[in-house]
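Peer 1: Here the protein sequences line up with chains A and B, keeping their order.
Residues 1 to 834 (the UniProt record's numbering) make up the first sequence, in order.
Residues 1 to 834 (the UniProt record's numbering) make up the second sequence, in order.
Hints listed in this document are in silico derivations from the structure and should not be mistaken for laboratory results.
Nothing here was measured: the structure is a model prediction, and the numbers come from that model.
Heads up, the beta-carbon is just placed ideally off N, CA and C, and yes, glycines get one too.
Mixed in with the good hints there might be a few duds.
Quick look at which bits of chain B chain A covers, simulated, 3 or more residues with Cβ under 8 Å [said to hold, decoys possible]: (1) 110-123; (2) 143-153; (3) 624-636; (4) 727-735.
Protein chains: 2
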Amino acid sequence: MRDGWAKDAGSNTVSNTVSNTALDAALDAASTDTARSGDAAARGEIRRHPGSPFTVEPWCVRETELDLNTLAQSESVFALSNGHIGLRGNLDEGDPHGLPGTYLNSVYEIRPLPYAEAGYGYPESGQTIINVTNGKLIRLLVDDEPLDVRYGTLHSHERVLDMRAGTLFRDMTWTSPADDTVRVRSTRLVSLTQRAVAAICYEVEPIGKPLRLVVQSALVANESLPQPGKDPRVAAALESPLVCEEHVARRAGVIMVHRTKVSGLRVAAGMDHVIDSPAPTAVEVESTEDVGRVTIACVLRPGERLRLVKFVAYGWSSQRSRPALHDQVVAALAGAKRTGWEGLLAEQRAFLDEFWAGADVEIEGDDEVQQAVRFGLFHILQAGARAERRPIAAKGLTGTGYDGHTFWDTESFVLPVLTYTRPSAAADVLRWRQMTLPLAAERARQLGLPGAAFPWRTIRGQECSGYWPAGTAAFHIGADIADAVLRYVDATEDVRFERETGLELLVQTARLWRGLGHYDAQGRFRIDGVTGPDEYSALADNNVYTNLMAQRNLRGAADVAERHPDVAADLDVTPTEIESWRQAADSMYIPYDELRQVHPQSEGFTDHAVWDFEQTKPDQYPLLLNFPYFDLYRKQVVKQADLVLAMHVCGEAFTFEQKVRNFAYYEPITVRDSSLSAGTQAVIAAEVGHLELAHDYLGEAALTDLHDLHRNTRDGLHMASLAGGWIAAVQGFGGMRASRGRLDFAPRLPSAITRLAFRVRYRGRLIRVTVTPQEAVYELVEGEPYEIGHHGERFILGPREVRRPIPPAPHHPRPAQPPGREPRRRGAVQEAGS
Amino acid sequence: MRDGWAKDAGSNTVSNTVSNTALDAALDAASTDTARSGDAAARGEIRRHPGSPFTVEPWCVRETELDLNTLAQSESVFALSNGHIGLRGNLDEGDPHGLPGTYLNSVYEIRPLPYAEAGYGYPESGQTIINVTNGKLIRLLVDDEPLDVRYGTLHSHERVLDMRAGTLFRDMTWTSPADDTVRVRSTRLVSLTQRAVAAICYEVEPIGKPLRLVVQSALVANESLPQPGKDPRVAAALESPLVCEEHVARRAGVIMVHRTKVSGLRVAAGMDHVIDSPAPTAVEVESTEDVGRVTIACVLRPGERLRLVKFVAYGWSSQRSRPALHDQVVAALAGAKRTGWEGLLAEQRAFLDEFWAGADVEIEGDDEVQQAVRFGLFHILQAGARAERRPIAAKGLTGTGYDGHTFWDTESFVLPVLTYTRPSAAADVLRWRQMTLPLAAERARQLGLPGAAFPWRTIRGQECSGYWPAGTAAFHIGADIADAVLRYVDATEDVRFERETGLELLVQTARLWRGLGHYDAQGRFRIDGVTGPDEYSALADNNVYTNLMAQRNLRGAADVAERHPDVAADLDVTPTEIESWRQAADSMYIPYDELRQVHPQSEGFTDHAVWDFEQTKPDQYPLLLNFPYFDLYRKQVVKQADLVLAMHVCGEAFTFEQKVRNFAYYEPITVRDSSLSAGTQAVIAAEVGHLELAHDYLGEAALTDLHDLHRNTRDGLHMASLAGGWIAAVQGFGGMRASRGRLDFAPRLPSAITRLAFRVRYRGRLIRVTVTPQEAVYELVEGEPYEIGHHGERFILGPREVRRPIPPAPHHPRPAQPPGREPRRRGAVQEAGS
């Protein structure tokens with residue numbers, strides 16, 4: 001089975017799709033202006049992703065029929081967010097739904113973490129993202145019949161996520177069981193410019209005959225949620241987490257203030273409306289503890305349209321008072337109303353225009369990947385744009401997967417993208433980490449270590465991992481954060497950040513490494529008993545990735561401390577301490593298997609038995625759901641790039657020949673049960689010359705959610721994997737590497753991609769790189785001339801574009817993957833040796 | 001702090017001891033016959049264990065005052081059991097108590113095992129020993145005032161566990177708040193000859209004036225229990241686990257049948273009475289769902305004594321019907337009543353006389369250890385004598401510690417004692433393991449392994465460990481069971497057992513090892529990612545103990561399969577499979593650290609950082625309660641003998657010099673936070689010549705519970721540690737080793753022990769060895785002449801005793817233990833080098 005990781009046979013259940021049945025004449029007349037959203041492809045020309053409800057288009061993700069089987073997935077795909085507010089792509093009317101979801105960054109509830117056998121230092125409580133007051137609900141009654149796509153006849157239903165407009169558009173025509181037909185169009189946005197605001201433009205018109213229409217716009221707290229399954233990755237549902245403190249109906253709106261029961265966070269939500277109707281409307285406003293409702297009734301004739309603009313605002317705080325939050329929401333609503341719907345749309349587009357100008361990746365020759373890479377960039381922007389000293393969760397604000405927690409995914413996969421496309425957002429995440437330093441220092445003390453031990457998974461900063469071998473023991477997260485600091489400072493020369501935020505993070509993480517490692521009898525600095533990136537190994541000695549990253553962390557802390565001795569002194573850093581960091585870094589033990597001439601992922605790894613891939617059935621992936629950790633940990637089977645990730649981010653520590661051999665060694669044992677793998681494999685595949693394989697991996701990373709490759713997009717999008725699409729394109733096929741002021745490219749394309757263009761921001765410059773099979777063109781879009789490299793040749797890039805030929809790729813046989821775990825082939829030409 | 005592991009300062013709380021106040025003249029007159037129990041030491045001469053309520057006597061454990069602070073500990077110490085029924089040493093009247101406890105071997109309830117993050121193969125439910133219907137309750141009303149030692153005046157209170165009589169005797173004189181004085185004496189036994197029966201002889205007499213006395217003898221189900229603390233080692237209390245199916249009052253007794261709610265086990269309990277009173281008595285019998293009660297009222301004058309003999313019987317089954325169990329209990333009561341109290345006492349003593357004749361260990365020069373080693377033997381006998389194809393739990397039937405689970409403790413520590421003292425009991429435990437083979441085979445299949453994977457902890461046979469790195473991963477339990485089979489067969493030549501039970505256990509465990517290990521590129525057979533005996537390490541490669549034991553298991557299976565080809569064929573064993581076992585055993589990888597010239601406990605262990613013992617405070621032991629597993633696992637710190645245990649049980653795999661160096665290496669890093677360590681350390685200390693240190697460890701092992709060294713004797717006795725006392729004496733100072741028909745001794749005494757005598761049963765012989773500083777005397781007490789060894793010299797031991805001189809011990813400097821973790825010194829003479 002070639003693509004066993006994709007949708008398996010069992011999930012091909014009977015579709016409940018409400019098909020597009022014949023439209024009557026009246027409908028035809030009404031549906032002439034469908035081309036509202038972006039690309040205006042005539043309906044007949046639209047290409048669809050195989051096995052997916054979504055069309056292939058460069059700037060939109062379009063769903064042309066409503067498939068109730070994929071509703072939860074599409075809610076994630078169509079989620080809107082600005083990093084502060086997140087709205088899942090639930091239908092306006094709320095029902096049916098996969099998972100209702102309205103989230104505020106860092107609004108969580110506390111739940112106990114139980115253990116069959118407790119242990120010292122185990123976190124006793126966890127944090128879980130909660131579904132806050134839902135402000136996106138707009139229900140419709142058509143002559144007393146509630147609009148519900150499961151009843152009556154759904155003639156057409158289209159949803160479009162427009163990545164340049166920053167909106168989710170919906171257009172449907174529906175006939176009620178009582179034979180009344182309406183057309184409903186709605187456009188939804190979560191403002192990237194007004195952080196506290198979301199807005200919906202909702203339009204309804206009768207088709208064929210006059211109708212009495214009642215629109216109910218609601219704010220609902222404590223919605224009932226479906227029970228999650230037994231999969232540990234699904235967030236625990238929390239029953240009614242919000243306690244009402246205040247609810248007030250005002251003019252055409254409602255303000256509600258609630259408080260979470262245990263975590264004690266206060267959440268204010270408000271809505272206001274602008275009603276535009278050709279006919280008289282009756283408006284009622286009411287509020288109760290968990291429901292605020294504005295009801296608008298009118299009778300419309302065919303050709304008349306009721307237009308409701310709903311403004312929604314949120315505020316939350318752990319400290320501020322109820323009146324303060326109330327006022328904040330009222331103010332946000334007033335600001336949004338003054339901007340108006342068209343104003344919000346314009347601001348949104350302007351914001352995105354600027355983003356795309358500096359971040360877009362153009363890919364010719366693979367339309368699916370073109371769309372998917374933009375989709376990834378769009379969602380990463382949504383997750384990070386306005387997070388503003390709050391975390392970026394593994395799922396952004398698109399679902400409750402992983403309890404809404406933030407992992408190393410953020411620093412190691414999402415921040416590389418933001419650092420070179422929207423660096424301020426990268427800095428903000430690191431400032432959030434700095435804010436949690438007291439908690440990380442306390443955790444280190446609890447573990448008997450100096451410095452700071454950042455949590456493996458968290459919302460607020462406390463360790464929330466309930467399984468320490470794959471949580472606490474994965475200390476590399478500290479080095480990942482330090483690396484993100486060094487990367488950001490290198491990319492921006494942001495000295496203020498370096499002094500105020502970067503140095504403290506570097507120092508406290510370096511101290512941890514110095515305390516965690518020790519010198520052995522041969523004088524090697526060892527880091528024993530930790531867990532590296534690969535979650536199918538744990539508690540191993542001298543994980544190569546960890547040791548290399550710790551080495552970088554130690555040296556980076558030393559360098560930056562020496563650059564800012566005054567700040568370092570405030571942190572009690574002494575020259576002796578700096579010397580101890582350098583010495584540990586210089587003595588860092590990097591194991592190497594002389595027999596096999598490869599780097600073991602961790603010391604002794606290559607002596608372990610190789611997993612029996614031949615006997616593993618396709619439906620036994622992901623392995624962790626079908627085999628005990630015991631067995632996975634003790635064998636050579638890799639869930640996700642680990643040594644290969646080290647070769648990507650610490651490439652300077654390996655010779656080219658080592659990279660070739662290591663990649664060839666690890667490919668046949670890497671199963672990619674994690675979504676944090678394909679993008680990294682793409683980068684190294686491209687570097688060592690496996691360009692077709694790199695293309696396949698780029699596709700897998702970028703299409704994770706559009707193709708629902710891990711069958712859990714319903715729980716939220718895989719931000720790190722989406723970031724992997726950008727990484728594979730820019731750092732893989734673009735060969736981009738940056739470190740210590742040195743910016744290099746080594747572009748090379750696979751056979752099917754005829755043109756790749758991308759932009760990166762670096763040290764105040766914006767550089768565009770356009771790659772074709774024959775040559776690369778470098779352009780300085782913004783900023784002063786700068787020296788860059790092309791396949792090792794260095795030159796100054798000034799106002800004039802520079803063209804360089806692409807050298808041929810080295811040739812090695814394409815390595816094999818475990819049977820059934822090959823990535824789906826994308827290129828037309830098969831690589832030799834395969 | 002020299003003995004930091006013992007009772008710390010914090011536990012020296014104010015004693016609530018009800019002191020022995022002045023007795024009035026009448027009391028003096030009444031208390032002349034105190035010398036009822038055994039040793040009759042005049043009260044003034046009695047020596048007490050330091051910091052303990054117990055006296056030092058050769059054959060009894062006596063408590064001369066009631067200390068409510070140590071009530072829970074004394075309930076464990078005074079527990080009576082026959083391996084089928086267990087009664088904690090609760091006071092007759094039930095209150096006050098530390099923990100009420102009446103247990104039946106293998107009667108448990110099921111409880112869920114929760115996980116913060118679930119994983120494949122994690123057991124979802126656990127088994128917990130439950131407190132069954134309490135038949136030992138006898139309450140007394142003295143003129144309407146209930147006897148309760150917390151009120152009124154307790155003039156004297158003595159309890160005596162008599163290890164030759166097999167009884168617990170109690171003698172008290174008490175004046176009620178209303179100034180009425182009684183003397184109460186009770187003697188309790190759990191019959192070693194009538195498995196289903198316990199009995200109590202309860203006598204009460206008024207002192208000084210006539211009194212109305214009411215004795216209430218009860219059967220009580222679902223007693224309320226104290227809540228356990230947060231310590232994971234304390235069993236989870238289960239609220240009211242029993243549901244009544246039947247209760248019936250009959251003549252002077254009651255029969256009750258209950259069923260456990262989830263595990264569905266049916267438990268029948270019954271009581272009957274013989275009343276002997278000089279005055280008329282009124283007797284009432286009643287029963288309700290959870291209480292059966294016989295009430296006896298009479299008026300006695302001073303000098304008159306009411307004597308109540310209470311017979312209690314139990315039966316349980318997962319399958320048999322309510323009437324069948326009812327009848328079984330009635331029959332057991334009838335049998336006991338026919339035997340009568342004096343008859344039961346006589347049977348009990350005869351049983352014990354026979355046991356001691358073949359098992360006693362005599363130690364001159366250390367009275368505390370003399371008593372403690374007998375105490376250990378007595379409780380091991382109690383735990384195993386009538387277990388009869390049921391497990392022997394880590395706490396026997398003396399408390400709820402470890403949920404009543406059985407671990408490798410049984411095969412590795414308890415069975416060596418039983419094998420050479422009461423071999424039939426050892427065979428019965430292994431027959432129980434065989435009965436659970438289908439469950440162990442199912443578990444192996446779940447783990448993807450061939451053969452059988454025995455549970456790390458269980459009551460019924462299912463894995464109940466909720467923390468797999470220290471549970472499932474500790475696969476050595478399979479080899480421990482196999483070793484117990486080989487040991488038993490070697491010691492008994494029991495061919496029927498070998499064919500019917502031993503071979504199947506050997507084959508299924510050998511298959512597991514063959515599947516668990518693999519050959520590496522150098523042709524070494526490796527066993528990776530398992531946990532050895534030391535619980536401060538986990539998931540390591542090539543644990544020396546595990547690999548050596550697996551080697552023995554593989555070879556043993558091959559040998560026995562070849563000896564019984566017909567049985568082997570029934571188990572589908574082929575010559576090819578046998579050859580694969582031998583090849584794996586011959587290729588077994590035993591890591592060795594050439595640099596340090598010692599064996600690493602596991603591969604790479606000696607490269608790890610050494611635990612910072614200097615910075616560890618005395619109150620931070622046991623380390624697992626104060627440091628994360630993460631930190632313990634990655635450093636050189638040993639909870640319990642692991643490599644040292646390998647040197648004991650697989651001594652042939654090490655040269656003498658290696659033993660000396662290894663012992664010197666591991667002593668300074670072994671903290672003995674487990675009670676499964678001191679006995680083993682004693683054996684190797686003695687073997688390599690550290691005789692004083694061996695004496696210290698013998699003391700620590702044997703006195704674990706009498707001195708409450710781990711501060712949790714309240715939860716039950718440490719059977720393995722008690723076994724360690726015998727092991728230290730016989731295999732340490734006696735130097736006894738037996739394997740493949742070869743029986744060797746290498747006796748040598750520490751300075752303070754002037755004479756050691758012990759008996760072992762081997763191949764139908766009973767051999768007595770008497771050791772003095774100068775010589776050893778070997779006597780064949782039973783059986784045919786046999787060749788034995790004395791310090792390497794071999795000779796035939798026939799009817800005439802053989803005397804041999806003791807060679808001087810080799811001299812090495814006494815190794816140091818971690819600061820504060822030295823065992824308490826016992827000998828008068830300090831060893832050189834210390």
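Peer 1: Against this structure, judge whether each hint is valid.
Peer 2: Consistency of the hints with the structure:
1. 110-123: Held - the stretch 110-123 of chain B has 11 residues with a Cβ nearer than 8 Å to chain A, which meets the minimum of three.
2. 143-153: Result for this restraint: violated, n = 0.
3. 624-636: It holds: at least three residues are needed, and the stretch 624-636 of chain B offers 11 whose Cβ sits within less than 8 Å of chain A.
4. 727-735: Since 0 is below three, the answer is violated.
The structure fails to meet hints 2 and 4 from the earlier list, while all remaining hints are met.
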